[in-house]
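Enquirer: Chains as they are written, first to last, in our numbering: chain G, 1 to 329; chain C, 1 to 329.
Hints were generated in silico from the structure; no laboratory data involved.
Predicted, not measured: the structure shown is a model, and the values here were computed from it.
Worth double-checking, as some hints may not be accurate.
[What the hints assert, rightly or not] Among the chain G residues that face chain C by a calculated CB cut under 8 Å, a handful are:
#: 1; residue: ASP33
#: 2; residue: VAL46
#: 3; residue: THR49
#: 4; residue: VAL53
#: 5; residue: THR92
#: 6; residue: ALA94
#: 7; residue: ASP125
#: 8; residue: SER136
#: 9; residue: ASN217
#: 10; residue: MET220
#: 11; residue: ASP221
[Stated by the list, open to error] Beyond 10 Å from chain C on every Cβ pair, some chain G residues (computed):
#: 12; residue: THR24
#: 13; residue: LYS82
#: 14; residue: THR303
Backbone N, C-alpha and C define an ideal beta-carbon position, used for all residues, glycine too.
2 protein chains.
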Amino acid sequence: MTQDNKQVSGEDSLIARYFKPLATDPGAFGLVDDAAVLKAQGEDIVVTTDAVVEGVHYLADDPPETIARKALRVNLSDLAAKGAVPAGFVLTLALRKAEDAWLRPFADALGEDAKSFACPLLGGDTVSTPGPQMISITAFGRVPAGRMVGRVGAKPGDRIMVTGTIGDAALGLDIRRGGAVAAALAGDRVAQDELIGRYHVPRPRNALAKAVRAHANAAMDVSDGLAGDLAKLCAASGVSAVIEAARIPISPAAARAAVAIEKLVAGGDDYEILCTVPQDHIAALIEEAARVGVPIAEIGTVTAGREQPRLIDAQGADIVLSRLSYSHF
Amino acid sequence: MTQDNKQVSGEDSLIARYFKPLATDPGAFGLVDDAAVLKAQGEDIVVTTDAVVEGVHYLADDPPETIARKALRVNLSDLAAKGAVPAGFVLTLALRKAEDAWLRPFADALGEDAKSFACPLLGGDTVSTPGPQMISITAFGRVPAGRMVGRVGAKPGDRIMVTGTIGDAALGLDIRRGGAVAAALAGDRVAQDELIGRYHVPRPRNALAKAVRAHANAAMDVSDGLAGDLAKLCAASGVSAVIEAARIPISPAAARAAVAIEKLVAGGDDYEILCTVPQDHIAALIEEAARVGVPIAEIGTVTAGREQPRLIDAQGADIVLSRLSYSHF
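So that you can see chain G by itself, here it is in the shape it has in the complex:
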């Protein structure tokens, strides 16, 4: 309607300037509509949602590039563990103010990841907040009908496997906060940077998604700590497990920090895939992981029963943990 001030509203102009280039899917309608269209193409749509909050999941002075990548990648990690191929995402951005110096690198990095993971922006909502910034992403993937890999499905006798290394991100966060790990690695800038990098930017294992679907009975991504996440998977499947601490894959940087195993398995932010695999599928999964360049390790076995999973040392004795995982409440 006729308006004295012909400027586009700040919100629309912000979306057009920063986020329209990311909306490459025809179903996004260039972000000019109120909704997006997702074609299922005969497959199931897998839906996952994860939010990151300033001061909780990232630090206020973290680079906007790493915040963007982390916000998307924590969702991509869920899709990978469910055996789903990324199809797109919607973004809710709660901002205190709209600053080019923050939004430009944020949007550019988000766009790079959207492209490299083939997961285009489909839509979103940009709102103002007087409080901490927050980025909430809902991501979509596709699996053949009925083929999402669940937490339910682990069977006694399955081997428990995990990708990458465990605990790095928790140590990286400790370093960022100037904790004990920072002191332990005081002279080792390379190790510190590597661990901080793991905290800032997860490496979701989407390359392994199809192999997980082909070979795993159950899977989830490790986001709140290996110990607690395995306990959740076992509870959902109605089984127990035994994990050999010495088999848990640890990075050289984490090894140099020389922290207790509890710090590694109860920390969060790993974003690796935890899965249970029948014996006769292990060789094929290992071969496929090698082909796509994802490290994977056998760390234990699913057992019958309903008790909490056990973590045992080299002598077979139980290692008792004071906490299993990160919880918000």
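Once you have looked at the hints, place chain C on chain G.
Expert: Quick look at chain C alone, frame taken from chain G:
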């Protein structure tokens, strides 16, 4: 794994206690998995996302019941305007603390709406925040392939129609804040309560979704003010429009407040459907609206051209607005 403290983590227990009863769709897996499955059943999935922030979209002392209903209904309203039938939603809840006195009525009201609109909870994420609470919902609907009603599609000659009444929620917010409308309606408690009710709890027009799909060339929901939202629809469709101010439907309560038309058409939170309808479909749409009990009015006409839509008075003179709509930035 073995843990000294056997308590379920607060976050998981919170989700199980409050939100599992809402997860009635088999694709939600009872909220024990990391992701949900959405079946497309040969149709397109329509995706929309809208967040509400404490102190911005609702007031800190608003009842948790109305906050829950508003958070879901603003998304249901988008689905209605797109001609989509609700299929489910995912919820991201950023809370300062987990209090039963707030969460219980919030979850119960959300569950009631999820049931009455046939839009079950599919999944979510619960995070802690040191700042204002925030509820971000991504909702899904289904339309026959290629049949989502877009903002693009309005044609010169189409009549412009709008459901319900316009401006009530903006006046309700003014009353809640003790503004000029509160003074104007000082002795009229009934009108005040009605307007506040429209601000607290939108009435999304999902009953009209199929008729919109059958009869409208273009549609959107009015969420940021009729004037600005019509301008967006026209810009997307490459057309202009003329609206007759006297035809804009106003509630009796709003009429009694006797505010300028600008206050009504540039306010937000209406959550009515704005659509453009070819002349030969108007009778059928009006008939269908009457059948499902949704008031609908013709307020103007789509015209050729690219200029801003005009709002005219009874003499045909332009009414100039100082602002078109609410914008966050």
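Enquirer: All hints, please: hold or fail.
Expert: A quick look at each hint next to the structure:
| no. | hint | verdict |
| --- | --- | --- |
| 1 | ASP33 | holds, 5 Å |
| 2 | VAL46 | holds, 5 Å |
| 3 | THR49 | holds, 4 Å |
| 4 | VAL53 | holds, 5 Å |
| 5 | THR92 | holds, 5 Å |
| 6 | ALA94 | holds, 6 Å |
| 7 | ASP125 | holds, 5 Å |
| 8 | SER136 | holds, 4 Å |
| 9 | ASN217 | violated, 14 Å |
| 10 | MET220 | holds, 5 Å |
| 11 | ASP221 | holds, 7 Å |
| 12 | THR24 | holds, 16 Å |
| 13 | LYS82 | violated, 5 Å |
| 14 | THR303 | holds, 13 Å |
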